[in-house]
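Novice: In order, the protein sequences belong to chains A and B. Positions 6 to 369 (our numbering) are the ones given, in order, by the first sequence. Positions 7 to 453 (our numbering) are the ones given, in order, by the second sequence.
No lab work stands behind these hints: they were computed from the structure. All values derive from a computational prediction rather than experimental measurement. Certain hints may be false.
Partial list, computed: chain B residues near chain A (C-beta under 10 Å) [unchecked claim]: (1) Pro-285; (2) Asn-310; (3) Gln-325; (4) Leu-431.
Each residue gets a CB set at the ideal place from its N, CA and C atoms; glycine is no exception.
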Amino acid sequence: MRTSVSESHYTLKTEQLKRHSLPMACLGVAFHSNGKFAFLACMDGVYQVEIESGARQRLYEHDSYASGVVCFAEFNQIVSAGYDGKLIWYDLGTRKIVRQIQAHTFWSWDLARAANASVLVSSSGQYLAGGYRYEPKPSEVPSVVAYNAESGEAICRMDFLPPVQAVAASADGESFGAGNLMGDVAVWNRTGELQSSASSNDFTAFGHIKSHCQVGGIYAAAFEPKSNDLFVAGMGPMRDPMAGNGKQRWHRYAWGEENAKLAGKSNDKQVGEGLMETLAFHPSGDYFVMAGRLRGGNWDVGFFDTATGDLFHSLKVKRRVTQVEFSRDGTQLILSAAGKQGRDPKKEFGLIEVYSVSREAKSA
Amino acid sequence: MTASSQDDTQRNMTCGSPEHSVHRRLFLEGTVGVGAASAASFSGLFSVPAFAQQMNDKAKRCILLWLCGAPSQFETWDPKPGKRTSGPFGSIPSCLPGVHVSELMPKCSTILDKMSIIRSMSTKPSEHFQGIDTLTRGDAPRPPFQRPILGSVLAQQLGQLDSPVPQFVLLDPCPEGNEFKSFKAGNWAGWLGAEYGPVRAGGEYSIPNIDLPESLSEADHSDREALRSFLSKKFANDRKSAAAESYNAAFERVKGLMSCAPLFDMEKLPEEDRQRYGPGAFGLHTLQARHLVENGCPSVMVANGMPWDCHVLNHEIHQMLVPELDNVIFQLIGDLEDRGLLDSTLVIMMGEFGRTPFLNPARGRDHYPTAWSMALAGCGIKPGVVYGSTDNEGIEVSDEKVDQKRLFATIFSALGIDPHAEYELPDNFPTFHHVEDDAEPIREVLL
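Next comes chain B alone, as it looks inside the complex:
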């Protein structure tokens, strides 16, 4: 078919008027608002300044810098200079009087007044899979019920299902990752359903098949989708079909992805920004996370495989990873603040546990859930707080122990989500809450 005959064919399907084309879609979808948003291209949607501004004013977002494998608290937030557990790195003073961080974090040392550090994390799981499971879902497993991961809950609580932008994005360039690989293969959204699962991108994970075929115009594509949607809804209404609902969710996701594909194009991010965050994969994907939340994605999780699991060569690897983390946190918090987004964007920086105070024979530190550190900044978080402490050698929590329930209660509270609210679940489910056992948030780190 030649280009001209193709055009003729398309015109013959309607009178050729764009207005008619829109009217037909609206008829099929049954609603003007949803149809308009769904059919609009991403760039078109957010090129309306008032709309973008409204989104940014109201929306709350979360970026989880997932330090998988578990970083050492001694080489980050809780150094113990001069002690036998300290390792080879010294500590440096921060902008908070009396508070020191590892010398590997010179940039973060200048912005600790914008963050809250929790030095008294104490959890149970000591193996990766269980640790990841617990620290990303907020509670230990209770088979056969699958609690949704934090990002999925936030997608449900903070997101908009009719948004073309994915509501939960996992940026992880690494296809492997041992236990993290196994975890990634599991059910992330749990009882919330697949529509709240993450869209995975980054590195080797480009999003496939989201380009329109050359033979299909935007208008024709929208027409086809409207027809598919209409028939599907009719089918679902007639049959009460869960399969159809899931099918629809998948179509909606693909449709959204097609419209916002530019958001995932690293090359489109400003070179100056890439220079500041990069060149490593973790930094560049954190920049991409910033870009995603700026453009309406409420929840992004940035991982980089499982690099922090330093059973061998702990210091030799931390001397590379921590300076990168230091820079990435510094750039991200600074950018969010400059854009007026820090107050509405919660940044969480943590792994699944900490690392042992004592060295193994392989130059390594092993798993240590007993006493470890993590950091929070932004939405709902009181800046400049160092909460809890460990003893002189970092062996035990000496003050204000925090487990995953209190941490998640704090995260939900910071984002304005009731931590003790019940999930809406089928009748055959027991009662589940966002956080169980009425765990109290850490008031001291909340605004």
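Bound conformation, chain A alone:
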């Protein structure tokens, strides 16, 4: 397990290029590979934003919040997920909805795509009391579903203890990973067969401070491009669950065996407090970003060296960062965020920011 505090192999330079607001909170973002557009999953619908000018267009709405969006420039479509449990395919050429699938009976917590554009995967599951101390009740329907990205055909459906708040697809689309409220992680293959699993108490808080219920859990997942290890992120156990003051936290799992092995984790000396809800790897795989809400500490967007696990760069957006994504060439980073909703209806509280990213290897 890598928990060293050795220095990173890199130095990083980031510069904010653009900052645009949106009417309501942005819960997900996807870069178009041409770098000119971003697509936003917002509380009030799915938007297209021209990055240079900030010109925006609301493309369509879900019946509730749009919670995630992925872009497939390969066939000129985007797919969004929503708290209505639907997946919606939208064609960027015809500007029309191509397909709607009621993927879940409850909302979609997270949506992810494979880098090779073969599959997308969505997770769901309602947290209902399953015991005296509010252990989650097992779902009666599959909580993780994978689809062929282009045809919309269901590939496999997986049972996993809800709520499944984070999901990921490997770069080749052959593996799916997920994390839930209780700190459980699982990896399945493309046939839906469970490959590996693990469980940790590091991500959730039994509500002993204020109440009997679980709060927190794993809110982000991503496969590391080189090793295919599964990274998950969220928030550590909280002193006060309602304040969200657990440690900013990630875990790395090597899942080659039935029992996934904890192969690394964030160094508590390098993190602050707050729910982390997004992970993204630089296309090189050399480093990754974990981001979310800053409750206490110095950063809400942290850059970590994949090899050492060390934090080597950070940003302070002072918003709840909901998703980060690198451009395909790795030179830019885009993030979506939510601010405080104001009483003034004209006040916009959704946000995207675009940064240039450049790095230099440290000399030995």
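Add chain B to chain A, keeping to what the hints say.
Specialist: Using the frame of chain A, we list chain B on its own:
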């Protein structure tokens, strides 16, 4: 001592006749009625159908489902679909024409004709401790005088001090609870005195030391208590001792608890009922509350720590808590109705305030006393009423503002208690009423 020699010893204390044993207790206690009731076991007391029926016919009771931390009105009784304040959940029609509730409350939507909803609560305190204090006592503090909490007032007004059943029970399994924890450590009964304070049970709060030692028979235990009571009363009469009175109150409570311990045994409740209410702690303790009021407890407050305080992850937590609340209310009101108890049992469902229309950056809603909702059902309450309203976005009360005084005037009136009656207080107290300032009850929600 062997079992036989122990028996011999007991017989030697009297002639062994149960009748003599009873007579001695009656002599010591000085009254047949009180002594009989006090000494009887709980199960014995209520196994007399006529007595139980009489209790149920006359008694008024109250169950307060205390939603501590403050639930969101948007995700319960006052949804605003399509508005920027609505959150991710939709609304569903109820059995009342034109009235919608959150989609998280499908069961309650079918029984709104048995309830009254107040959508225009507007109060002042915006912090938990002050909010809890005000909404459980009915008024803001006036130091150094401590107004009793609702359950204590009801224990005094509706209860019977000589009953073996506790007159005010707090069911709360959670030992913690931030501000609620602090509040729980305070003086609940206020100027009414400790005998009207709650017996706390539920979860980690079993009632300790209420089992008779094996070496002590029921009769011998009663004899000892009768002797203690006699000497204590004599002491109090001679010395006018407040300490002795308090001591006696504690003994009376323990004695009652010992006799009604089965009431607090969750395992003794029917499995089918536990399935319907559970499995969460709040549901099971609401079932226990039903069981307690069925068996003579006039006032039960059910809490579950402080789970509703959703400054972070408001919707993620409400999606679990509201369906449980929905089911618990549905089961409770249905059961009370089936048992013929709804007309005499007031069910109150509320927290200390509401939650903000607008989201903070942490997926949360913050404290909002300006405009919020609560619900009432049962004793004295007109069913099928939705009282007051908020504006389109739920920011302000637009119609019929209700503060805690009007709410408490309504609660007292529903239970047949004069809301404007004076408390009987020592001469050095100022005048206090059940509800101050002649606050008017909400006539529209009263039968």
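Novice: Does each hint fit the structure? Answer for all of them.
Specialist: Cross-check of the supplied hints:
1. Pro-285: holds (5 Å)
2. Asn-310: Since the shortest Cβ distance to chain A is 6 Å, the answer is holds.
3. Gln-325: holds (6 Å)
4. Leu-431: violated (36 Å)
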